[in-house]
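Enquirer: Residues per chain, in single letters:
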Amino acid sequence: MRRVLALILAGGHGKRLGVLTEKIAKPAVPFGGKYRLIDFTLSNCVNSGIYHVGVLTQYRPHLLINHIGIGRPWDLDRKKGGLFVLQPYLGGVAGWYKGTADAVYQNIEFVDEVNPERVLILSGDHVYAMDYNDMLDFHILKNAEGTIACMEVPLDEASRFGIMVTDVESRIVDFEEKPAKPRSNLASLGIYVFNWPFLREYLIKDAQDEGSSHDFGKDIIPRMIREGRRIFAFRFNGYWRDVGTIRSYWESNLELTRPLPPLNLYDRHWRFYTQTEEMPPAYCAPESKISNSIISEGCEIHGVVENSVLFQGVHVGEGSVIKNSVVMTGTIIGRNCFIENSIVAERVIIADNVQIGVGEDAPSSLDPEVYTGLITVIGMYSKIPENTRIGKNCVVGVGVTEQDFTSKELPSGGFVLHRE
Amino acid sequence: MRVLGLILAGGHSESLGPLVSKRASAALPVFGKYRAIDFTLSNMVNASIRKVGVLTQYNPRSLMDHLGSGKEWDLDRKNGGLFILQPYVSAEGSYWYKGTADAIFQNMTILRRGEEDYVLIGSGDHIYKIDFTQVFNFHFSTGADITLLVKYLDETYDLTQYGIVQMEGHRIVSIEEKPQHPRGNLAFLGIYFMNKYLLMELLYNYVTKGENDLLNIIVSQLGRLKVHGYVLEGYWRNVKKGIDEYFRINMDALKKEIRDELFYKYGKVYTKLKDLPPPKIGSSAVIKNSIISDGCIVNGHVENSVLFRGVVVKAGAVVENAVVMQDTVIEEGAVVKNAILDKEVLIRQQGRLVGKEKLAVMEKRAVL
Chain W
36 MRRVLALILA
46 GGHGKRLGVL
56 TEKIAKPAVP
66 FGGKYRLIDF
76 TLSNCVNSGI
86 YHVGVLTQYR
96 PHLLINHIGI
106 GRPWDLDRKK
116 GGLFVLQPYL
126 GGVAGWYKGT
136 ADAVYQNIEF
146 VDEVNPERVL
156 ILSGDHVYAM
166 DYNDMLDFHI
176 LKNAEGTIAC
186 MEVPLDEASR
196 FGIMVTDVES
206 RIVDFEEKPA
216 KPRSNLASLG
226 IYVFNWPFLR
236 EYLIKDAQDE
246 GSSHDFGKDI
256 IPRMIREGRR
266 IFAFRFNGYW
276 RDVGTIRSYW
286 ESNLELTRPL
296 PPLNLYDRHW
306 RFYTQTEEMP
316 PAYCAPESKI
326 SNSIISEGCE
336 IHGVVENSVL
346 FQGVHVGEGS
356 VIKNSVVMTG
366 TIIGRNCFIE
376 NSIVAERVII
386 ADNVQIGVGE
396 DAPSSLDPEV
406 YTGLITVIGM
416 YSKIPENTRI
426 GKNCVVGVGV
436 TEQDFTSKEL
446 PSGGFVLHRE
Chain H
13 MRVLGLILAG
23 GHSESLGPLV
33 SKRASAALPV
43 FGKYRAIDFT
53 LSNMVNASIR
63 KVGVLTQYNP
73 RSLMDHLGSG
83 KEWDLDRKNG
93 GLFILQPYVS
103 AEGSYWYKGT
113 ADAIFQNMTI
123 LRRGEEDYVL
133 IGSGDHIYKI
143 DFTQVFNFHF
153 STGADITLLV
163 KYLDETYDLT
173 QYGIVQMEGH
183 RIVSIEEKPQ
193 HPRGNLAFLG
203 IYFMNKYLLM
213 ELLYNYVTKG
223 ENDLLNIIVS
233 QLGRLKVHGY
243 VLEGYWRNVK
253 KGIDEYFRIN
263 MDALKKEIRD
273 ELFYKYGKVY
283 TKLKDLPPPK
293 IGSSAVIKNS
303 IISDGCIVNG
313 HVENSVLFRG
323 VVVKAGAVVE
333 NAVVMQDTVI
343 EEGAVVKNAI
353 LDKEVLIRQQ
363 GRLVGKEKLA
373 VMEKRAVL
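Chains as they are written, first to last, in the working numbering: chain W, 36 to 455; chain H, 13 to 380.
Isolated chain W, as found in the complex (with noise of 0.2 angstroms):
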């Protein structure tokens, strides 16, 4: 029996999610129809035999804590290990974690309660399936002190991500985390293995360095690598995504609906499991046109929805177009409406008569570094009155009323924020 705990940091805010992490975390992003982020993590451990995992949250965590509650959904809720949420507290070392490594620092006591052999390092915010077995095999094959997964991304992609450069054996040289000039196009998926014994000599180290930042990729792994510590790079050949921006997002949800998706959510033996509201089926009516796209439980399709992800309980009124879109859960969608390369957030209402996404190409005027690849994001809890036209590009925040609109026109490159 493998004594592994996995630690699933879970704390990110993803700023470049703009409204879409306004009020929740970013591992707690829905995606996919009826999953949230971090279900992909948590289905990873469990499909790997892994139960004995910590969720470490700080930014926003109510509904993420709400989703993962017990871990009952992917069988944590158990006598012997299970599901551990772990939260920054007063009278802790140090408070609110730092980063990524100050945050496993601060658990070091759970950690040794638990005394695994190895740790896990996850993040709770990629898509992928992956089975961690494989990377402990080669931990041990290799005789490692650590293990970084990686894969091969696009040159010009590069500098994204953590880059390493490794010898003949696979054992890491050379690390930057975010170089301007990357050395190689080996990423680091932020997927790593450790020696428990051996990170907890350098999560110590590292937090009596009062230069660092206390941050996995930026600190302690060019720590450990300038050592010359036995750090191997273990190359993933899977899907892995890093939905990280809204144009990503966007477009690792749609990639679903192709006919051969990257990442096969209908593979009965690594199944992904969620926390979801008991709905009854998909009903579509006698006048919809449903193509090339994943609708959930609890939707009524009366109009037509081409290329788009829609999650549990949407409904599409008659006579209204849903294109290339992102609808999340309890959304609803009145007559004749038009949208478009948009991402609708949960428990919207749209009027009739509503266009969202049309018209002119523009730079977003709120954010231009967030929203960019015209794509338009309606914030959660919105309403969105009839008539009314949004452009490309356009942002409307979180709980926007009636009453936050000035106009039936809201340009491309525009956006509505609910004034309190």
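Capping the alpha-carbon separation at 25 angstroms, the derived lysine-lysine pairs in BS3-like fashion look like this:
| no. | chain 1 | residue 1 | chain 2 | residue 2 |
| --- | --- | --- | --- | --- |
| 1 | W | 114 | H | 286 |
| 2 | H | 326 | W | 358 |
| 3 | H | 300 | W | 358 |
| 4 | H | 208 | H | 221 |
| 5 | H | 83 | W | 115 |
| 6 | H | 280 | H | 268 |
| 7 | W | 216 | W | 253 |
| 8 | H | 268 | W | 324 |
| 9 | W | 114 | H | 284 |
| 10 | W | 324 | H | 267 |
| 11 | W | 324 | H | 326 |
| 12 | W | 324 | H | 349 |
| 13 | H | 349 | H | 300 |
| 14 | H | 90 | W | 114 |
| 15 | W | 324 | H | 300 |
| 16 | W | 253 | W | 133 |
Keep in mind that the hints were calculated from the coordinates and are not lab data.
Mind docking chain H on chain W? Use the hints.
Expert: Okay, now just chain H, sitting in the frame of chain W:
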């Protein structure tokens, strides 16, 4: 007030043919993801009943598998919860249930031991939604000894298959079981509510004398006890009444009013989770007036049909007026019309299954 729920789920119905050769009728799949018993069970837990006994007998495996620990209905409890009551062999002999009264009588312990004051007896075969607390209120406000649920049945029901009730005010004055010439259209629905000690008394009195049917016992008391009828207004159907009825019930879910009533009114319907991904609709798919469940992959033409979880309809296949159960695969170019396909059926390429006046029925794991 504490109420013990009892669900009669031992039933077998010849008229359902191959659909019940391997399962109790209470375990019949309905509406894409449910089993018949989910409705009565959910009605009970939605009325805050915390202890439910399920009386099983005929082919209970799939029913047991479905119910499990009662977790999905929040009935995995330290106090109360779900109890499976099955016939057993003891030192004195073996006891198959001889009737509804006998079945409850043999499980007298659950009545004796519990702290409940009242018993609600339902059937695992019935499809309906109700707020049982309204029945409880009716029972107390009318001063009933026993409350039976009744309903005015329209011409779509075969009245000769039901107990036909005569009422004066709230009071039931006669019940005629399966009459040749029904007097009226008010039928007893097989749902009882009464004081637990009264039930125990009746059982001790009559089952020991050889009367094994609970309704017969109550009919014999109509003069002595105040037996009141609570008239159910909403949808109510019994899946056990034959293949055509089973088919009709599934098709009923394609009507909005019925869907809204069954799935959203008086609380949710709970069922066993399967953790399947949402349905995927391909680019060549055409779906009209149909229910599509999780895990389905549809590339063909589906019309007026109910697809259960994990059904695959490949490109060029046509499915019309059909109930297609879990994990059935309909391959390229196949045609299925006016049919019920049980679980894990395979209709191979270009296969044709078309029911005429009679529905075509394919048994579990059949291949065409």
